[in-house]
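A.B. asks: Note that the protein sequences, when read in sequence, are chains A and B. Using my numbering, count along the first sequence one by one with no gaps and you end on 327. Using my numbering, count along the second sequence one by one with no gaps and you end on 327.
Think of the hints as simulated: they come from the structure by calculation, not from any bench. Treat the hints with caution; some may be incorrect.
Identical copies carry no separate label here, and so any pair may be met within one copy or between two of them.
Below, simulated DSS-like cross-link-like pairs (lysine-lysine); rule was C-alpha separation at most 27 Å, straight line [unchecked claim]:
| # | residue 1 | residue 2 |
| --- | --- | --- |
| 1 | K245 | K262 |
| 2 | K57 | K2 |
| 3 | K275 | K86 |
| 4 | K128 | K269 |
| 5 | K255 | K131 |
| 6 | K170 | K275 |
As the structure is a prediction and not an experimental result, all values here were calculated from the model.
2 protein chains.
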Amino acid sequence: MKFAIDMMGGDNGSLIIVESILEFASKHPEDIFYCVGNVEELGKIKDVKNIIIIPSKTVLRMDIEPMEALHDKESSLFITVDTFLKEQCDAIISAGSTGAILTLATLKIKRIPGITRPGLITPFPTYKKNKKFVCIDLGANTVNTKEELHQFAQMGSIYYSFMYNDAHPKVGLLNIGTEEEKGNDLRKETYQLLKNDPSINFIGNVEGKEPLYGNIDVLVTDGFSGNIFLKTTEGSCKVMSLLIKDAFKKNLLTKIGYLFSKKGFDDLKERMDYKNVGGAMLMGVNGIVVKAHGNSDFKSFTSALNICYDLAKKDIIKQIKEALQSK
Amino acid sequence: MKFAIDMMGGDNGSLIIVESILEFASKHPEDIFYCVGNVEELGKIKDVKNIIIIPSKTVLRMDIEPMEALHDKESSLFITVDTFLKEQCDAIISAGSTGAILTLATLKIKRIPGITRPGLITPFPTYKKNKKFVCIDLGANTVNTKEELHQFAQMGSIYYSFMYNDAHPKVGLLNIGTEEEKGNDLRKETYQLLKNDPSINFIGNVEGKEPLYGNIDVLVTDGFSGNIFLKTTEGSCKVMSLLIKDAFKKNLLTKIGYLFSKKGFDDLKERMDYKNVGGAMLMGVNGIVVKAHGNSDFKSFTSALNICYDLAKKDIIKQIKEALQSK
Numbered sequence: 001m002k003f004a005i006d007m008m009g010g011d012n013g014s015l016i017i018v019e020s021i022l023e024f025a026s027k028h029p030e031d032i033f034y035c036v037g038n039v040e041e042l043g044k045i046k047d048v049k050n051i052i053i054i055p056s057k058t059v060l061r062m063d064i065e066p067m068e069a070l071h072d073k074e075s076s077l078f079i080t081v082d083t084f085l086k087e088q089c090d091a092i093i094s095a096g097s098t099g100a101i102l103t104l105a106t107l108k109i110k111r112i113p114g115i116t117r118p119g120l121i122t123p124f125p126t127y128k129k130n131k132k133f134v135c136i137d138l139g140a141n142t143v144n145t146k147e148e149l150h151q152f153a154q155m156g157s158i159y160y161s162f163m164y165n166d167a168h169p170k171v172g173l174l175n176i177g178t179e180e181e182k183g184n185d186l187r188k189e190t191y192q193l194l195k196n197d198p199s200i201n202f203i204g205n206v207e208g209k210e211p212l213y214g215n216i217d218v219l220v221t222d223g224f225s226g227n228i229f230l231k232t233t234e235g236s237c238k239v240m241s242l243l244i245k246d247a248f249k250k251n252l253l254t255k256i257g258y259l260f261s262k263k264g265f266d267d268l269k270e271r272m273d274y275k276n277v278g279g280a281m282l283m284g285v286n287g288i289v290v291k292a293h294g295n296s297d298f299k300s301f302t303s304a305l306n307i308c309y310d311l312a313k314k315d316i317i318k319q320i321k322e323a324l325q326s327k
Numbered sequence: 001m002k003f004a005i006d007m008m009g010g011d012n013g014s015l016i017i018v019e020s021i022l023e024f025a026s027k028h029p030e031d032i033f034y035c036v037g038n039v040e041e042l043g044k045i046k047d048v049k050n051i052i053i054i055p056s057k058t059v060l061r062m063d064i065e066p067m068e069a070l071h072d073k074e075s076s077l078f079i080t081v082d083t084f085l086k087e088q089c090d091a092i093i094s095a096g097s098t099g100a101i102l103t104l105a106t107l108k109i110k111r112i113p114g115i116t117r118p119g120l121i122t123p124f125p126t127y128k129k130n131k132k133f134v135c136i137d138l139g140a141n142t143v144n145t146k147e148e149l150h151q152f153a154q155m156g157s158i159y160y161s162f163m164y165n166d167a168h169p170k171v172g173l174l175n176i177g178t179e180e181e182k183g184n185d186l187r188k189e190t191y192q193l194l195k196n197d198p199s200i201n202f203i204g205n206v207e208g209k210e211p212l213y214g215n216i217d218v219l220v221t222d223g224f225s226g227n228i229f230l231k232t233t234e235g236s237c238k239v240m241s242l243l244i245k246d247a248f249k250k251n252l253l254t255k256i257g258y259l260f261s262k263k264g265f266d267d268l269k270e271r272m273d274y275k276n277v278g279g280a281m282l283m284g285v286n287g288i289v290v291k292a293h294g295n296s297d298f299k300s301f302t303s304a305l306n307i308c309y310d311l312a313k314k315d316i317i318k319q320i321k322e323a324l325q326s327k
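The following block holds chain A by itself, in its conformation from the complex (with noise of 0.2 Å):
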C-alpha cells in the first residue's frame, strides 16, 4: 500500500510526525510512505528505504480561509494531495485545517458520487471494554441538511459495519430528548429519513450521554453539534484523568494506593485516552483522507496512522460504494 503523508501541518511542527512515521514505516516495509515537507526538518527519514520524501516549501495556517488553501501549490497539504493523486495512493494523512484538507481533497480527489457532504468519522471509546462507538459528522461541516444527516448515517453505518464486522449496527440521531417529537425541525426531519429508510437500524434519538455507556453504533448529527460533543467528551475525560491523578497525590496514604492500584488504572488511563484517538477520517471523499488531531503528539499521529492503514487495508472506499450503489 501508498500513503501520502503531510509532515507539516500540525500545531507541532515537522518534529514529532517524523519520529511516529519512522516507527510505523519500519513496522510496515511492504508499504510506501511518502512524506511531502520541508527537506532540511525530514533528514531523519532520507535514508529510510520505504519512504520517499517529497519537497514542499510553505505550511498552510491552521486558520487559512479554504478557498485560499486551493491557491497556494507550494503548500505541504497542497503537494500531499497531488503526489495522492499521481501515484494512485491508498490514503492521505494531514494534522493540517480542516477546512484546508476539505476544501482540497473535496475539490481534488472529487467526492463519492451521490455524496452531496463529505463528514468527519471517528470511533471513541466507551464504558465497555473493546467496544466502540463511531459519530459523524465532527465538525467538517458548521451546517447541515436533513439530506445530508441522512448521508452520515448510511456512510456511519457502512464504517461501522466494516471495521467492526457488524451488519446492522445500531445508528441513533444525537438530540436533546429521546421521544420522537424532540429537537428543532432539523431533527424532527431527519427523524422521519432514518426511521423510513430500511437500510438503516435506526433507533431513534439519543442524548449526550448514551453513547459512551456503548449501547450505540453509530451517532449522527451535524458538524456543529458533533464537534461540541467531541471537544466536550474528550474534556471531561481530560479533566477526569487530572482529578485521579490529585486525589492519588492527596496525601502519604492515597499515594501508597496508588501503588496498589496502579494496574486498574493503566488499564483506565489506556482505554479513555483520546490521545488513542488520533484520526478522524472524511467521509464521502472519493479516496481515504485522515485528518490527525491539530495538535498531535507521537501517540495520538501514530493512532492516526494505525487508523489510516486499516481503513486502507478494509478497501472502506470501495465498500461505501458499493453498499451505496446497491442502495
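Guided by the hints, dock chain B onto chain A, whose structure is given.
C.D. replies: Only chain B this time, still in chain A's reference frame:
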C-alpha cells in the same frame, strides 16, 4: 420566604421529593413551603408546621406538547404556578417537563421586560476546586437568534456576578474553534454583538473542552448545543466514575489500594457528581423558576432546592431587572 413546589413532576414520583422537602423544610423553619400534589401521597408532610399542602389532580406527561400543558388546569405544575402567583412566592421548583415549565412560566408569570426568550442556566463543577462556571441556555430553546444569545450573555453575566461576587465575569461563546471567524453564521454574528457590548467581558470563542478547566465564568450557547454540552459532560463524568469504581475492583491489590486512596476519591466524587447540580434556573422569566432534573433523586432534588433558596435570598430577579435597566 415562600416556595411553591411541584411534588409530582419528576420521573420518580413524589416519594423521593417528599423526603427531600421534609429535610429542607426542617432546616429552614422560618420559610413556608407550598407543596402541590396528590394529597394521598403527601401524608408524611401534612403535619409539618411550615409546609402547606395544595391538592392537585393530574400530572403532566414528560412528553406533553407545551400548549397542551396550558389546558390541564388541575395538573400539579399548573397549580404550582398559580400558587406562586396567588401567594406571592419567592420561587417555584419542578422536576417536570422542561417544555411545560417553560410554557406555563412564560405565559402566566411573564418575562422580564426586554427579554425575548428565557434560557436555562446552571452552575457546573470544574477542575479548579470551588470554581464553577455557568452555561446558558441548556435546552429551554431548540433554536436561537443572535439577539437571544446576546441576552443570554447579559443574563449569564448578571447571574454569575451575584452568585459568585465577581463584577466582571469572563464570557465565552461555545464554538467549534477559537478564532473569530469560526463556526456558522449564528456564531459569527453573535461574536460581533458580544465583542461590541462593553457591559460584557467577552473573551471570545471557546471549544467544548475548555470550560471544565475552570478558565471561563459564563458559557453562552443556543439551547440545542447547550443541552448536548450538558448531557455529554454529565455522561462522560459518570462513565469515568464507573471506570474508577471498576479499576479499584480489578483485583485484591487494587481493592487494598482503594482503602488507602479513599479520602482522595471521596473528594473527587463529591466535586464531579452531577447530582450536586440538580437544578437549572429558567432565566428571563419574571420570577425564580427552577427546573429540577427529571429523574431527580434525594440528592439532586435537594441540590435544586438549595439553588432555589440561594437565588431567592439574593433576590436575583430584582438584580437582573436593575442591571438590564441600567444598560
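A.B. asks: Enumerate the violated hints, using their earlier numbering and listing them in ascending order.
C.D. replies: Structure breaks hint 3 only.
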